[in-house]
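J.: Below are the chains, spelled out letter by letter.
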Amino acid sequence: MVAKYSIVLDDLTPNNLGILRKINTVVLPTSYSDAWYKESLTVGELVKLAYFNEIPIGAIRCSLETPPSHKENTKIYIMTLAVLSPYRNYGIGRKLVEHILEQAKIMFVKEVYCHVWVENEDALAWYERLGFAKGELIKGYYRKMEPAGDAYILRKAIE
Amino acid sequence: MSTQIPKSRYLPPKEASNFRSILKLYEQREYKKALKLADGILKKYPEHGETLAMKGLMLCFQKKKEEGHELIKKGLRCDLTSFICWHVYGLFYRTEHNYEEAVKCYTHALKYDPENTNILRDLGLLQFQMRNYEGAVNSRKTILQQRPNVRQNWTALAAGYYMLKNYTMAESILTKYEESLKQPLPKEDTENSELILYKNVIIYESGDVKRALEHLDSISDKVLDKVSVLEYRAKYLLELGRNTEAIKVFRLLLNRNPDYTKYYYGLERALAIEDDIEKKKELYKNLAEKYTRSDPAKRIPLDFLQGADFKVACKDYIINYLERGVPSAFVNVKPLYKDADKAKIIGEVVTEFFCTLTPTKGAIISSDESGPTTYLWTIYFLALHHSKIGDHDKALELIDMAIQHTPTLVEAHMVKAKVLKSKGDLLAASDSMNAARELDLQDRFLNTKAAKYLMRAGKSEEAIAVVSLFTVNDAKGKGVSDLHEMQAIWFLIEQAEMYLKLGKVGLALKRFQAVKKVFEDWWNVQFDFHQYATRRGTMRAYTDLLKWEDELFCEPAYLRAAEGAIKTYLSLYDTPKSVRVAAELDGLSEEERKKALKKAKRERAKENKHAESAKIGDDDDPFGRQLENTNTPLEDAEAFWKPIVNSTAYDQSLSWGQEIEKRKAVAAANNTSNDKS
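In order, the protein sequence lines correspond to chains Z and V.
For the first sequence, counting from 1, position 96 maps to 96 in my numbering; every step adds exactly one.
For the second sequence, counting from 1, position 620 maps to 620 in my numbering; every step adds exactly one.
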């Protein structure tokens, strides 16, 4: 059966930066500064918008972490991942993360990771289905929560 | 009759040859070289009228218009019987778009050199510009007698006869030239192709449809414009009642382009089923099956169907678009809302459909997989529906649901803005439109919409800042002068109306005048086409242009600007400044009066300080004060009104212009009664 909808990923530009802002503001509990949004324009393929039937409804934004010493690995950190709620369960989030995993391969980056709130069972399961492994627990990571929330690090190693 | 050259015109051989060079260099636009030669002659013969005139003309082209004008006048005074001087003066007036004076000069020039082809040709162009077709025919007849080997001259004369509706002469002129050709021209000769078709149109418009059809059949393989051949053929066959053949041609046309509604209506006429709803239903059903992507095949039935049939058809039409996520679904059916029953049915149909949808993926009753976007576009449609039938609160409720569902949908914010505007909340409307704009900064349409909404809310500076994101800006980063140059009349009119609301009469008048100037430019710019189109032979398009120009000053945009300007000037006339100022100060105590005057003085001083920054180019009246303080408001109003009345599309029902006549009559009556006393 041919799907009657389309999902397409596209680049972030100064002209559609407002879309990233809108999606993150509506979906995520944390807010990000103007500087963070401006910086999003500089991370190249590590930021992507997702379009469902030509309407932008999801976005992923990562950063490249190059460690000070050669002994540690370069990592990609998923800073925000959001899909508007009516558009979930279409595999859009998966598509966005898989794009990042591909980029990691291209850039010879060995690890992609993110933080997930310990109480968010759905998100933890979701990342695990994508091949991420639960790592250490960071106590009080979400400082703005009352009481402060803990987070797990979820990691995926890239071959 | 003396054929001696008058003393003021005489030049010895060397200077005479130089003068002839000046004329040649002028034609080649080598003004610098020509001016050098001119100065050489003038050193020895400072009163040589023709040289003075030529120098003056060339200075005009070098942006030294005032100096040039003076020299031309001087040259003419020195040599009043020189056709060159008169011709030059005529050219000057022509560049000033003062066609009336230009014609007078050319007529003078012809007195002294009646067979001068250049002058005759220029005169012919001017006569077309002034719509003096009789004069044009005379000028062009003379030219044709002098130069019959240039096809353009035949075309020009035929055009003159055509505009006089003398189709017999027009046709015979074109035929005479065709017969003079020793060999037929190749099909690729576009001039020839166009002129042959033009002749066909002339035959048709003379009323002889039968002969037009015969002529068309004889030339159909000799012309390049195949679509026109088919369209004319269909039209002629229909008018001659040869329906069976007409049907075939319309079907051919539909096959070429199944999206053109004109062909569908033509086919209906040819089948003689325009009044037979059942047969039309069958026809469009077949056409829709054949041309699956054609919109008219499905849309046209919505016009003639009623009741239950209409419900079925519109359900199919609209829901197809909603499922495909086509934003223009509503706009396509909007004309149907003139029929209140149909509007109701449309609302029912889409609301029923809406109830079968869920906002997200999950249990969807229809097999449509596009769940969330179908839901979104359906709410969007319903919001527009309720706005159209006047239920703005319901519309707002629905569009807010859409925004909740998908806040990144630009169109949803735009509709919210529109609904808020209809409700009268212009400030909130402009905020919504700006929210839409910020989602896609590269969309210029959104930018202009946001600017318009800001102006409607009276936010002048913000509007300019927004619109300047897309314009070529001046030193202060503002794009207003660029918008003047780009003839962005939408902007000029919105600014004018905003300034009126803000009480800034001078600036409003300035913008209204700017709009008037744009339309005058659009009238003047046709001048080049009288020659160009005739040379290229594209006479059908050219005559359409003339018709468009004749109706130009009844374009809605001009009427809107004219109404604003005329009403403003009339109110200035009715309450002169002294009365207005007195009214403002009336009823105030002595102290309040002093305060008010002081405040006005302060504001004026502040404005004057900003005058430099508000200037556009070398504008000497940045706030339009001179316009506002006009001593001739009635004449100023009339200047807007006259071109409307002279337009061929003038509609007598425009009452606000007649207010001018009323006041003129009163003024005249007062004057005569004053004279008597």
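No lab work stands behind these hints, which were simulated from the structure alone.
Just so we're clear, the structure is a prediction, and the values are computed from it rather than from any experiment.
A few of these clues could be false.
[Claimed, not checked] The list that follows gives simulated cross-link-like pairs (lysine-lysine, DSSO-like), each with its CA atoms no further than 27 Å apart: (1) 449(V) <-> 4(Z); (2) 315(V) <-> 38(Z); (3) 290(V) <-> 38(Z); (4) 279(V) <-> 290(V); (5) 4(Z) <-> 476(V); (6) 4(Z) <-> 315(V); (7) 476(V) <-> 38(Z).
[Unchecked claim] Some but not every residue of chain Z turned toward chain V, in silico, with C-beta under 7 Å: (8) 15; (9) 22; (10) 26; (11) 28; (12) 29; (13) 31; (14) 51; (15) 55; (16) 56; (17) 86.
[Unchecked claim] Pair by pair, the computed Cβ-Cβ distance ranges are: (18) 358(V) <-> 63(Z): 31 to 39 Å; (19) 293(V) <-> 37(Z): 36 to 44 Å; (20) 389(V) <-> 37(Z): 35 to 43 Å.
Heads up, the beta-carbon is just placed ideally off N, CA and C, and yes, glycines get one too.
J.: Hint by hint, where does the structure go against what was stated? Just the numbers, ascending.
T.: Of the numbered hints, 1, 2, 3, 5, 11, 12, 13, 14 do not hold.
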